[in-house]
Every structure is written in structure tokens, then in C-alpha cells.
Amino acid sequence: MYLRSEKRGKHERKVRVEFGAVSVPIPILEEIDKLIEELGYWPSRSSFVREACLEKIEYERERLKRLKEG
7 MYLRSEKRGK
17 HERKVRVEFG
27 AVSVPIPILE
37 EIDKLIEELG
47 YWPSRSSFVR
57 EACLEKIEYE
67 RERLKRLKEG
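Take the sequence shown: its position 25, counting from 1, is numbered 31 in the numbering used here, and each next residue is one higher.
Don't read these hints as lab results, they were simulated from the structure.
Given the structure is predicted, the values throughout are model-derived calculations rather than measurements.
Glycine included, C-beta positions come from ideal geometry on N, C-alpha and C.
Misleading hints may appear alongside valid ones.
To be verified - Listed below are the simulated BS3-like cross-link pairs for lysine-lysine, each with C-alpha atoms no more than 25 Å apart in a straight line: (1) Lys74 <-> Lys62; (2) Lys40 <-> Lys62; (3) Lys13 <-> Lys62.
Unchecked claim - Here are the computed distance ranges between Cβ atoms for each label pair: (4) Ile63 <-> Asp39: 22 to 28 Å; (5) Lys20 <-> Arg67: 37 to 43 Å; (6) Arg22 <-> Val55: 15 to 21 Å; (7) Glu75 <-> Arg51: 35 to 41 Å; (8) Ile42 <-> Arg14: 31 to 37 Å.
Work the whole structure out from these sequences, hints included.
Listed below in C-alpha cells is the structure:
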């Protein structure tokens, strides 16, 4: 189970987050496994992929914002 914080006014509460599945090609998973082993930063493939997705979302939102402004 994964919980995230949700703020409502002055109060904060934990909210359960549902998960979905995606298909990732085995060669990409093998690269992820190598990075996890070499760096020892992420406890699992899932945590690596979750962080990578959040970084990609942030990047693309910023890119979209720049396109709309320019």
C-alpha cells in the first residue's frame, strides 16, 4: 500500500493510492537492475520507475508551459 499526503486547508491527511501495471521491455528492466545494483539508491525496480515517471512528468509539464508562453 502506498500513501500520499493530501492537504486540505490547514489539515493534512494520508490518502491511499491505487496502482496500475505497465509493460516494460526486458532490456530496459535489465538496465534498471544494473543501475539499482551499482548505485544502491533505489530499493526496487518499482521505486526507480516511480521516480523516473515523476521526473518525466515534471519535465514535460515545464516543456508544455514554455511552449504555451513562447
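Hint-by-hint comparison with the structure:
no.: 1; hint: Lys74 <-> Lys62; in the structure: holds (18 Å)
no.: 2; hint: Lys40 <-> Lys62; in the structure: holds (20 Å)
no.: 3; hint: Lys13 <-> Lys62; in the structure: holds (24 Å)
no.: 4; hint: Ile63 <-> Asp39: 22 to 28 Å; in the structure: holds (23 Å)
no.: 5; hint: Lys20 <-> Arg67: 37 to 43 Å; in the structure: violated (25 Å)
no.: 6; hint: Arg22 <-> Val55: 15 to 21 Å; in the structure: holds (20 Å)
no.: 7; hint: Glu75 <-> Arg51: 35 to 41 Å; in the structure: holds (36 Å)
no.: 8; hint: Ile42 <-> Arg14: 31 to 37 Å; in the structure: holds (36 Å)
When the structure is compared with the earlier hints, a violation turns up for hint 5 alone.
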